[in-house]
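Trainee: Below are the chains, spelled out letter by letter.
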Amino acid sequence: MDCLNLNEPHSMGTTIIGVTYDGGVVLGADSRTSTGVYVANRASDKITQLTDNVYVCRSGSAADSQIVSDYVRYFLHQHTIQLGQPATVKVAANLVRLLAYNNKNMLQTGLIVGGWDKYEGGKIYGVPLGGTILEQPFAIGGSGSSYLYGFFDQAWKEGMTKEEAESLVVKAVSLAIARDGASGGVVRTVTINADGVTKNFYPGDTLPLWHEEIPAQNSLLDILSAPSPEPMSM
Amino acid sequence: MSSIGTGYDLSVTTFSPDGRVFQIEYAAKAVDNSGTVIGIKCKDGVVMGVEKLITSKMMLPGSNRRIHSVHSHSGMAVAGLAADGRQIVARAKGEASSYESVYGEAIPVKELAGRVANYVHLCTLYWWLRPFGCGIILGGYDRDGPQLYMIEPSGISYRYFGAAIGKGKQAAKTEIEKLKLSEMTCREGVIEIAKIIYKIHDEAKDKAFELEMSWVCDESKRKHEKVPVELLEEAKAAARLALEEMDAD
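Quick mapping for you: the protein sequence lines, in order, are chains A and B.
The first sequence: position 180 = 180 (the working numbering), numbered continuously.
The second sequence: position 93 = 93 (the working numbering), numbered continuously.
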């Protein structure tokens, strides 16, 4: 197959989302990492920890987003030691964007930084491709986000509860997975607030089916082990 | 009360047998010879005042500023060698600016005080540098509230709610201790500091002085600035009155 080139760089087509709610933030992402059309990892974790209270959603080039996260984690660690208290989300986001902006010619990664600190509460910062930094009540990114702009225009509201925010994120990621070939797998969420960090996992078969989606089948081999009916008979 | 160094005081890189670095202590003496500088932390901000001794009648009032803004949210009052102080202020401004470029937020006052202290201390480590001959009172207001720090020529930096350096520091500290700072607003604090400075000023030894004051408080929208002219005049008037009442007793 000339469309299957396993030497293509790993890219996370991705759908990533960050949403603030009353008291914290919810970060969500799909789990597909692709090399061309081959799914290199169908259960990736694209929500990476920077500090105890700040996480980042990664999209675009897997390598680029990982190296940026690693550098920022290192700088934030030193900053926390120097400051004597946890870093703020703003500082984390600023460090991310300095790397993204100053290396814009070499990097291809869109990031969403989200977390909670005691001064500003829950905050989301979008750092898209060129290295802009923009504080937003919610942010979407990755190839799957194209299908979500209209959805968020309608479904987003200020001052949601934690449960509302989480279900909004899960619904949105699953909608994007349904339409975007580069997004798929499971939905992972990370909720950050004053009480700490909660990570959740929604396997593909627990997600609702959208328009024209076909129910998942585990394996055609199940048909062989089932009694009497021949394979392929309808 | 002069201590004889006898050979151990020639270089800042030499300890004396009883564990002292004399050069640093001599630098502190330079601070003790300058006009008094006071800082207090009130419940809604920080007020700083300087007894600026006027050496020449021909000097323009308002010149030779001793209080400098380091960042919008903090300022430094310097006692001791003024030129040394300028160097430290410039460094502090640089630190504040570079912190903000990297971290995207205003430098916390605690961090600023730490960096200034580090810089002052740095200059006590090399034989080819001399220690700074100035004491610094740094007042600022950040997201952790109003804070007051004092940095000595040795590089020590502590956080205070009331501090004084210079000629009249002992007298000033005694006066500050009488104040109930946790219940005082900055407006009241300005008047109190003016009174203290007028009181401790020694008319016999030093002739004229100019009062320079600054604050950073809720009223100044958490910006470090000179105390407004009307309030300053009010404070001076109150201070002169208090002096007269004292003399009248």
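Treat the hints with care, since some could be wrong.
To be verified - Straight-line distance between alpha carbons at most 30 Å, and here's what the computed DSBU-like set of lysine-lysine pairs gives:
hint, chain 1, residue 1, chain 2, residue 2
1, B, LYS178, B, LYS57
2, B, LYS93, B, LYS178
3, B, LYS110, B, LYS207
4, B, LYS221, A, LYS118
5, B, LYS110, B, LYS205
6, B, LYS173, B, LYS207
7, B, LYS93, B, LYS205
8, B, LYS195, B, LYS169
9, B, LYS195, B, LYS110
10, B, LYS207, B, LYS43
11, A, LYS118, B, LYS223
12, A, LYS118, B, LYS110
13, A, LYS118, B, LYS173
14, B, LYS110, B, LYS57
15, A, LYS118, B, LYS93
Worth flagging that the hints you see were computed from the coordinates, not collected in a lab.
Trainee: Would the pair B:LYS110 and B:LYS205 pass a check requiring their Cα atoms to be no farther apart than 30 Å?
Mentor: 37 Å, violated
Trainee: Next pair to validate is B:LYS178 with B:LYS57; report whether the Cα-Cα distance is within 30 Å.
Mentor: 35 Å, violated
Trainee: Need the status of pair B:LYS93, B:LYS178: alpha-carbon distance at most 30 Å?
Mentor: 34 Å, violated
Trainee: Would the hint linking A:LYS118 and B:LYS93 be met if the CA-CA limit is 30 Å?
Mentor: 27 Å, holds
Trainee: So if I understand the rule, the pair passes when the alpha-carbon distance is 30 Å or less; does B:LYS221 with A:LYS118 pass?
Mentor: 22 Å, holds
Trainee: Please verify whether A:LYS118 and B:LYS223 have alpha carbons no more than 30 Å apart.
Mentor: 22 Å, holds
Trainee: Check whether the Cα positions of B:LYS195 and B:LYS110 lie no farther apart than 30 Å.
Mentor: 29 Å, holds
Trainee: Check the hint pairing A:LYS118 with B:LYS110 against an upper bound of 30 Å on the C-alpha distance.
Mentor: It holds: about 17 Å lies between the C-alpha atoms, which stays within 30 Å.
Trainee: Given the hinted pair B:LYS173 and B:LYS207, is their alpha-carbon gap at most 30 Å?
Mentor: Within the cut-off at roughly 22 Å; holds.
Trainee: Would the pair B:LYS207 and B:LYS43 pass a check requiring their Cα atoms to be no farther apart than 30 Å?
Mentor: 34 Å, violated
Trainee: Regarding the pair B:LYS93 and B:LYS205, is the alpha-carbon distance no greater than 30 Å?
Mentor: 35 Å, violated
Trainee: Between the alpha carbons of B:LYS110 and B:LYS207, is the straight-line distance 30 Å or under?
Mentor: 37 Å, violated
The structure fails to meet hints 1, 2, 3, 5, 7, 10, 13 and 14 from the earlier list, while all remaining hints are met.
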